[in-house]
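**Student:** Here the protein sequences come in this chain order: U and L.
Just so we're aligned, residue 1049 is where the first sequence starts under this note's numbering, counting upward by one.
Just so we're aligned, residue 1049 is where the second sequence starts under this note's numbering, counting upward by one.
Calculated from the structure, these hints are not laboratory results.
Heads up, a few of these hints could be off.
Copies of one chain are not kept apart here, so a pair can be met inside one copy or by any two copies together.
Claimed, not checked - No farther apart than 25 Å at their CA atoms in a straight line, the calculated lysine to aspartate or glutamate pairs in the DMTMM-like style are these:
{"#": "1", "residue 1": "1318", "residue 2": "1149"}
{"#": "2", "residue 1": "1318", "residue 2": "1091"}
{"#": "3", "residue 1": "1318", "residue 2": "1307"}
{"#": "4", "residue 1": "1069", "residue 2": "1410"}
{"#": "5", "residue 1": "1069", "residue 2": "1323"}
{"#": "6", "residue 1": "1409", "residue 2": "1326"}
Listed below, chain by chain, are the residues.
2 protein chains.
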Amino acid sequence: MTQRVSIVGIGSTRFGPQPGKGIVQLAVEAAEAAIRESGIERERIGALYFGNFISGPLTGQEVLAGIVADHLGLANIPCTKVEGACASGGIAFRHAKLAVESRQCDAALVVGAEKMTQASTEMITAALNCAMDNLSDGVSGLTFPGLFGMAWRLYEQRYGLTRAQVSAVVRKNKANGLLNPLAQMGRYLTDDEIEQSPFICDPMRLFDCCPTSDGAAALVLAADELIETGGAVPVRVLASAQTRGAARIAGHSDLCSFDATVAAAHLAFKEAGIDRSDIDVVELHDCFSIAEILDSEDLGFMPRGHGAHWAKEGRTAVGGDLPINPSGGLLAKGHPVGATGVGQIYETVLQLRGDHQNLVKDAAFGLTHNLGGTGVACTVNILGRYDA
Amino acid sequence: MTQRVSIVGIGSTRFGPQPGKGIVQLAVEAAEAAIRESGIERERIGALYFGNFISGPLTGQEVLAGIVADHLGLANIPCTKVEGACASGGIAFRHAKLAVESRQCDAALVVGAEKMTQASTEMITAALNCAMDNLSDGVSGLTFPGLFGMAWRLYEQRYGLTRAQVSAVVRKNKANGLLNPLAQMGRYLTDDEIEQSPFICDPMRLFDCCPTSDGAAALVLAADELIETGGAVPVRVLASAQTRGAARIAGHSDLCSFDATVAAAHLAFKEAGIDRSDIDVVELHDCFSIAEILDSEDLGFMPRGHGAHWAKEGRTAVGGDLPINPSGGLLAKGHPVGATGVGQIYETVLQLRGDHQNLVKDAAFGLTHNLGGTGVACTVNILGRYDA
Chain U
1049 MTQRVSIVGI
1059 GSTRFGPQPG
1069 KGIVQLAVEA
1079 AEAAIRESGI
1089 ERERIGALYF
1099 GNFISGPLTG
1109 QEVLAGIVAD
1119 HLGLANIPCT
1129 KVEGACASGG
1139 IAFRHAKLAV
1149 ESRQCDAALV
1159 VGAEKMTQAS
1169 TEMITAALNC
1179 AMDNLSDGVS
1189 GLTFPGLFGM
1199 AWRLYEQRYG
1209 LTRAQVSAVV
1219 RKNKANGLLN
1229 PLAQMGRYLT
1239 DDEIEQSPFI
1249 CDPMRLFDCC
1259 PTSDGAAALV
1269 LAADELIETG
1279 GAVPVRVLAS
1289 AQTRGAARIA
1299 GHSDLCSFDA
1309 TVAAAHLAFK
1319 EAGIDRSDID
1329 VVELHDCFSI
1339 AEILDSEDLG
1349 FMPRGHGAHW
1359 AKEGRTAVGG
1369 DLPINPSGGL
1379 LAKGHPVGAT
1389 GVGQIYETVL
1399 QLRGDHQNLV
1409 KDAAFGLTHN
1419 LGGTGVACTV
1429 NILGRYDA
Chain L
1049 MTQRVSIVGI
1059 GSTRFGPQPG
1069 KGIVQLAVEA
1079 AEAAIRESGI
1089 ERERIGALYF
1099 GNFISGPLTG
1109 QEVLAGIVAD
1119 HLGLANIPCT
1129 KVEGACASGG
1139 IAFRHAKLAV
1149 ESRQCDAALV
1159 VGAEKMTQAS
1169 TEMITAALNC
1179 AMDNLSDGVS
1189 GLTFPGLFGM
1199 AWRLYEQRYG
1209 LTRAQVSAVV
1219 RKNKANGLLN
1229 PLAQMGRYLT
1239 DDEIEQSPFI
1249 CDPMRLFDCC
1259 PTSDGAAALV
1269 LAADELIETG
1279 GAVPVRVLAS
1289 AQTRGAARIA
1299 GHSDLCSFDA
1309 TVAAAHLAFK
1319 EAGIDRSDID
1329 VVELHDCFSI
1339 AEILDSEDLG
1349 FMPRGHGAHW
1359 AKEGRTAVGG
1369 DLPINPSGGL
1379 LAKGHPVGAT
1389 GVGQIYETVL
1399 QLRGDHQNLV
1409 KDAAFGLTHN
1419 LGGTGVACTV
1429 NILGRYDA
């Protein structure tokens, strides 16, 4: 018999440059906040999953799960770092959910963290390229802005994408970030400012790309019997799906779609037993502006080729049909890689509690989407208000 | 309801320098062998766990679980790299076992791999030190030979350890390695050769240290209903325990013992429902000669201070009371970090099938032990003959 799982405590650092704070310190700070809020005694925490991508190359520190557990004073529990490139945080969440659901333990801690801003641009680019299959794509000279730039060009040719439609995504997410106290670079931008920012990789300009970030986020998951009345408002975990997609560009049948996202969304909705129309708020993996459009279609929220129109028409803003990335997303909140998937859940929990500073009113169901590499790893999670 | 789990296919590359073969190629080679032997169709494999420690710093390749799954032509399944320093392989095994046991899937693939020998000694030393808590021990200048050298000195002072006792471990494991076709450096050594080999870190000499290795090992785990008659002889997974210990040297109450091993052994024997006296063969984490002595005591096979005597008296040789590391162990078989824990299980499966080249006759139960960092992560697994 499985047991139902809820998120009973959340914590997060600010995302963005945090000079003087190492990855362990950031992780401990987020985890302490989550544990404190949960009201669960640390002896009850039976597993720790740590999402991290490139701490080895960038900070020279691995075995982070055990080190952070030691700093937190947890018991002799299993502590595991999981890695799936940019989806590392979502994968950590899924494993903590499975640990509670399958009764390995009644409470589990998830931490996601990355420390990047101390490294040189060259080091960061090389480290991020660890997420490509370097037997094929890596040696081609391809980078991630290059990949998404190619997808942009294909989408443009197929559906008639305009620069203004993509800029609408940027404007929305950067403005959303202004309302998020954890966000790295919230800002009101005009189309002109976006469209005159320097090219990173044509057609991708500076404001189309998420920044390099430091940060950590943490969640405490628990079975119903550990939920105390009077503690933080619990949020139900209704589904957590993890899939793989093609690791090599040549394996993608269509650069405008990521199979891993399509498959994970299918599994997640099946597990949760709700429909796409039930979802009130989405945090998805907008590592680049164009990615938000592709992802929203892959998740099945609108027909192919319509994602760009939805963005331009304001249907994905707070107050629109389906608010996407009210946190600011990766574009404005930041992308400390291993923390990102955990941070998306943090934001969605605040929404479902009715506590978010950029609130989607009366949201009952939220979805998060975390995509790694060239689409090689994906998680989709569905959360629900405890009483929904 | 959980389901029982067996190992139904195994594969491994040789351990040792493999110039011209990258980590993906090594992993795919081992995995193809395991899948082929299992007779299980790849569409039935529902999860992949990949044990790896330092592929990021040493090869610039991460997201290995998804990449290897892609090369193997597996389905859109969850593919997860797990990391716990030198215990990464054991942690991968435990998660695959949990996936089958908790009915997430009926068959799962475990792969462990590391590619090290192409890197400079300086790069390797720096990468291995990612396993220390670098806020405390790393900055002290401590290395892993240094840590185990200190433990040796303490054990010597407390129990009157002799050089000849430690050399007995080296002689045994190096000689065992000669019978293992996968081993990197099997050899008949005299005490003189051992004791005149160069100091690595006093009192630790060259032959007291495991080598730097490339290699991969893989296992297919399955539920009973997938086991085909006429396929490879299945071996039961009776227990898999994962624990954490102190991440910092200052956190160890005794340098002659690792809490994580003591705790994992306790949990594993409880789960398996057998006694230490039932174990016929052991593969344990002899990263250094002295480690075999400490680990065998931590696992509870003999009283404190007796491990060294057992080694010297031949009680841990094949034919002795409790054969330890008949594969040659890390000292002779090699230590491709992420592969090691998976390779220990590979060897133990061969023993329980009666197929090992250095056979412990009529072995019914085997134990493997995989330890990471300065004792921060540990797994202990207990396997049993299918009919035992």
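**Student:** Indicate, hint by hint, whether the structure satisfies it.
**Tutor:** Tested hints:
no., hint, verdict
1, 1318 / 1149, "both (17 Å within a copy, 22 Å between copies)"
2, 1318 / 1091, "between (34 Å within a copy, 20 Å between copies)"
3, 1318 / 1307, "within (17 Å within a copy, 43 Å between copies)"
4, 1069 / 1410, "neither (37 Å within a copy, 56 Å between copies)"
5, 1069 / 1323, "neither (42 Å within a copy, 47 Å between copies)"
6, 1409 / 1326, "within (14 Å within a copy, 62 Å between copies)"
Going through the hint list in order, the structure does not satisfy hints 4, 5.
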